[in-house]
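K.L.:
Using the hints provided, position chain B relative to the given structure of chain A.
There are 2 protein chains.
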Amino acid sequence: MIAQLISIGNELTGGQTVDTNSPWLAQQLASLGVRCVRHVSIADELEPIRDAIVEASRAADVVLITGGLGPTPDDLTREALATAMGVPLRLHTPSLIHIEEYFKRRGRTMHPANRQQAMIPEGANAIENPHGTAPGISARLSRAAVFCMPGVPYEMKEMWQRGVRPELETGAGRLVQERILRTFGMSESEVGERIGDLMRRDRNPTVGTSAAELIISIRIVAEADHAEACQGMIDADATEIRKRLGDVVYGEADETLATAVGRLLIERRQTISTAESCTGGLIAKRLTDVSGSSGYMLQGFVTYSNEAKSRLLGVPSELIATQGAVSRETAEAMAEQCRRASGTDYAIAVTGIAGPTGGTPEKPVGLVFVALASAGKTIVKELRLGDNLRREQVRDRTAKAALNLLRLSLIRTC
Amino acid sequence: MIAQLISIGNELTGGQTVDTNSPWLAQQLASLGVRCVRHVSIADELEPIRDAIVEASRAADVVLITGGLGPTPDDLTREALATAMGVPLRLHTPSLIHIEEYFKRRGRTMHPANRQQAMIPEGANAIENPHGTAPGISARLSRAAVFCMPGVPYEMKEMWQRGVRPELETGAGRLVQERILRTFGMSESEVGERIGDLMRRDRNPTVGTSAAELIISIRIVAEADHAEACQGMIDADATEIRKRLGDVVYGEADETLATAVGRLLIERRQTISTAESCTGGLIAKRLTDVSGSSGYMLQGFVTYSNEAKSRLLGVPSELIATQGAVSRETAEAMAEQCRRASGTDYAIAVTGIAGPTGGTPEKPVGLVFVALASAGKTIVKELRLGDNLRREQVRDRTAKAALNLLRLSLIRTC
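Keeping their order, the protein sequence lines are chains A and B.
For the record, in the first sequence the residue sitting at position 200 is 200 according to this note's numbering, with numbers rising by one throughout.
For the record, in the second sequence the residue sitting at position 47 is 1047 according to this note's numbering, with numbers rising by one throughout.
Looking at chain A on its own, in the form it has when it is part of the complex (with noise of 0.2 Å):
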């Protein structure tokens, strides 16, 4: 089965709002196995409106639609509807009671204009409303099952729950399930290379990537009749993902390299301090959004100032004033005095130029250096990573690059 959705409001097509219930809806709708292909978002208009609600219904086994059940002149979810199904509106009685209570029970009396959140299509049904006034309605039109919530999320959600979730599960089709993998270090046409024949537009499951900050991620979405079919395509998809990408692939769902980092950390018992220049503890707090991360992430140090790296970490000034603060001497000191200093098993420290000022030819915006110190040996990485990009993308990849690096070294040294 598929759906589509429909949002009614100016103040989403007009930007003020953003509509959270369509990804909301659609995620419901996939975990009863119904795929939603497309979302619509229109203004408080009336033929608009019935044209959506028409050319959705010829389109998708399921329309839900969402707002426009007010009192106030400006919703026509209701008449449209109407219009569309080509049947008068009648007042609905039950709904007319529930709403003179729900006014009574808040001590208010009831505006005549709530009178018309009552009305519902000649042959649709009205849905309950516990939340507030405006009663649902669900209807059949063309191939469609047609439903109407509210706009308002907290009242949409246990509309859905109560009232309509109910009435698909039984019409539900096939299970439709998926799993995310996360990679980081390789680009998405490359990954679009190695597992281009997994993401033939035929297959079931079905692979895919976006990429958000040099995140690849990879969604395998499997059709099935039952949770374990979905579960083992899926599995086997991952499975073959995971060989052809090797250690790229460095968690699912919603880990992050700092979640990823913080377990491998965990399993070796091992534990790590940073030292930021150019990331001004972005490293750090990285690190610390995981919860316990209190067992890994000891301390860090940020020497904004070159006064500070000395101070702090004991780099020589020569040695910043021969080499100067951005370069791979630098950052390699830093990293082993910050290891010294925090007696931890690793120690990350980066320094660069995260821009927009302070480039010069030889040292443009977007060069940084990541240096990993651990027992015996320290790397050093060197990033280009190119002086059109903005501040926050510097400092957000170098954080990428530096848990990376420390990822990889934690994962080979097992």
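Read the hints as simulated data drawn from the structure, not as lab findings.
Glycine included, every Cβ here is placed at the ideal spot set by N, Cα and C.
Heads up, a few of these hints could be off.
From the structure, some residues in chain A lie toward chain B, with a derived Cβ separation under 8 Å [to be verified]:
#	residue
1	G15
2	V40
3	S210
4	A284
5	G300
6	T303
7	L312
8	G386
Now the stretches of chain A that chain B is said to cover, found in silico as 3 or more residues with beta-carbon under 8 Å [unchecked claim]:
#	stretch
9	114-123
10	185-191
11	354-363
Taking lysine-lysine pairs in the PhoX-like style, the calculated list, with each CA pair at most 25 Å apart, reads [said to hold, decoys possible]:
#	chain 1	residue 1	chain 2	residue 2
12	B	K1104	A	K363
13	B	K1104	A	K381
14	B	K1363	B	K1381
15	A	K381	A	K363
P.N.:
Below, chain B alone, put in the same frame as chain A:
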């Protein structure tokens, strides 16, 4: 003029990603006097994308399309637009050169798959993408000017500003301009009470509030025939609002508490250092988000373990033992020792329980002590943020409270 937006990607229709591009673009269009009446999000499938483009181009003067310009087989926007226009795709050599140089600058070799990103429908124009590989596309179809932009928000926004907005400014209708004031330290309802009369729907400018993680934003939107008139109306309201709210207004537009603090520190030629426990580097990170922060942010300590508090800052371990690491006394000592060790005018220190674990009846999750040391005095503020917050919220609110404490003492000691 009216506009329609099309956003493309399974991650959108599947609900894994919330489409924030469309609301942002709708507001940008509004500022040009172009009214957006419809957003459509579509899965990565050729025919539905093509149909949506055809339909939107018949109904609107402007069609903005985001997403589907990547290098992988499921990036179909180029092909869908070409099909909708009834023309073939042609290689756009300057774009290919841009892509090749993009990889060269990063010392990487271009993957063959990226070549397809340089394909443009015959008769359409490429729009430069300074931040990525995929060029945008501008074309005419039916009554509409059609623009394709990347789905990656920062690439899209940069392309909009440089390559799309200028195209539309010429043709735009009545002018709508806005200004946003940012406040911290007052509830949305209290702000609403103080400026309620300015928030009447029938006014021009309109004034509205929105809340996000304790930052209350006040949006002033004025409509007039020319920019000067808009600005004059906005200035008047902004001045009145600042008069009524006083120093809870910390800035405008994209200003953060960290940029506000930075401005004040530079004006006063003063310096800051940080000692962080529960925020684990977040405050230093926020301070150094600001370009030029090296002028006032000298150094920071992440003393995540008790040992580090004593070793790095010289907080007496007896004090920690008797009062606890999360205590007024420890926060105070951390701040004073940090200021001494750093030789800065101010030092911020925080210690608290970020959760989700680690809370006790007398010291629950969300209990945080924020200390600010300056010449001759140290202020300590106790926060009880509530144990219903997520870890990241506790850390975020702690950082904001700390930066605001510094901001207010900078203002008040001037």
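K.L.:
Work down the list of hints and note, for each, if the structure agrees.
P.N.:
Taking the hints in turn, this is what the structure says about them:
no.	hint	in the structure
1	G15	holds (3 Å)
2	V40	holds (5 Å)
3	S210	holds (5 Å)
4	A284	holds (3 Å)
5	G300	holds (3 Å)
6	T303	holds (6 Å)
7	L312	holds (6 Å)
8	G386	holds (5 Å)
9	114-123	violated (count 0)
10	185-191	holds (count 4)
11	354-363	holds (count 4)
12	K1104(B) x K363(A)	holds (17 Å)
13	K1104(B) x K381(A)	holds (19 Å)
14	K1363(B) x K1381(B)	holds (15 Å)
15	K381(A) x K363(A)	holds (15 Å)
Comparing the model with each numbered hint stated earlier shows that hint 9 is the single one that does not hold.
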